[in-house]
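Engineer: With these hints in hand, go ahead and build the complete structure from the sequences.
For the sequence shown, our numbering assigns the number 1 to the initial residue and increments by one for each residue that follows.
Honestly, the hints are just simulated from the structure, not real lab data. Just to be clear, a hint being listed does not mean it is correct.
[To be verified] Mimicking DSS-like on lysine-lysine, the simulated pairs with C-alpha atoms at most 25 Å apart in a straight line are: (1) K106 <-> K135; (2) K252 <-> K135; (3) K105 <-> K93.
[Stated by the list, open to error] What follows is a set of in silico ranges between Cβ atoms, one per label pair, in the way DEER data are often shown: (4) V161 <-> A243: 37 to 45 Å; (5) K105 <-> R236: 24 to 32 Å; (6) E101 <-> N9: 21 to 29 Å; (7) S274 <-> E251: 19 to 27 Å; (8) R239 <-> S145: 30 to 38 Å.
Beta carbons: idealized from backbone N, C-alpha and C, even for Gly.
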Amino acid sequence: MFSHFRQLNAIEFKGINDPLTLADYNRIMMRAWGLGGLQAKTKAPTEAEIKAETEAETDEETDEETDDTDEIKYYRRPSQRTLTIVCISRPNKILDQLQDELGFKKTNESGIYHCQDQQIPRWIIFPSELALVPKNYPLLPLARSEKLEQFLSLCLREGLVDYLQLIKDIGLLTDPDIIWRKILEVQQMKPQIREDTWPYIDQFFREMPEAMRKIPTFQDALSLSELRTQQRILIRQLRRKFAPVPDSVIEKIKATDNIDLLDNWLDKIISADSLANTGLRS
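Structural biologist: Below is the structure:
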């Protein structure tokens with residue numbers, strides 16, 4: 001993902017409520033150019049190095065070439081720096097309207113845009129367009145909508161608990177509806193989910209703030225999940241006791257969105273000695 005890094009690398013992040021504007025981009029570029037004045041060291045300077053640095057600064061105006069040969073180096077060359085901007089929201093103006101002026105073009109990898117000129121090489125990464133491949137996993141929790149849903153399903157199937165934790169921590173801020181809906185669907189996905197993933201799902205519900213449970217979107221999703229669960233239980237009991245069950249009866253159950261009626265049918269199935277006595281056949 002960051003194989004393009006060089007000697008000095010700047011990473012900027014633009015969140016869901018902080019889209020990348022042209023003014024932001026100009027400020028980011030100003031900071032990236034300013035990095036050329038930073039001194040890079042791998043260890044604390046010795047007295048000799050401090051003396052050499054002082055002498056180098058004194059002689060700088062007369063001997064600029066010493067910058068790249070002294071033991072104390074300044075990464076002033078733009079080619080030795082990179083700038084990467086990760087954007088939760090796609091910066092359409094930067095990437096489309098100002099493409100000719102700013103130079104960002106699509107790369108061979110979806111979601112990654114690159115500007116290569118004689119200045120600082122720079123990239124814009126839009127996680128919602130990234131491919132579902134392992135090298136992109138660290139940034140996919142930042143995706144939204146369909147891409148986040150696809151990645152969440154993949155993590156649930158493959159038992160990628162570390163990324164599930166990231167999705168919970170980050171995704172609830174970027175696209176909470178997707179997280180809630182998909183987590184509430186897991187009972188339907190049970191045959192596809194690894195056993196070691198279930199503790200994470202349990203943890204999700206234990207740690208979810210009570211305030212979130214009161215949000216209408218979550219309440220709607222929870223009610224739908226309860227309805228689907230009750231329908232599956234009813235169909236399973238019918239098939240165990242009165243198999244084969246006509247398709248018309250199955251469709252009648254699936255078309256019913258009244259929990260009380262489903263409960264009433266279940267009570268009748270338990271005590272009935274034939275399908276005709278359940279009230280499900282008209």
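Engineer: Taking the hints in turn, state whether each one holds.
Structural biologist: Results of checking the hints against the structure:
The suggested pairing of K106 with K135 holds, with an alpha-carbon distance near 18 Å, which does not exceed 25 Å. With a CA separation close to 46 Å, the supplied pair K252 and K135 exceeds the 25 Å bound. Proximity of K105 to K93 is assessed by CA-CA distance (about 13 Å); at most 25 Å being required, the pair is judged to hold. Take V161 and A243: their Cβ atoms lie about 38 Å apart, and the range 37 to 45 Å holds.
Checked against the hint of 24 to 32 Å, the C-beta distance between K105 and R236 comes to roughly 55 Å, which is inconsistent with it. Restraint check, E101 to N9: a C-beta distance of roughly 24 Å satisfies the suggested window 21 to 29 Å. Between S274 and E251 the Cβ separation comes to about 20 Å, which falls inside the hinted range of 19 to 27 Å. For R239 and S145, the hinted distance range of 30 to 38 Å is satisfied, since their beta carbons lie about 37 Å from each other.
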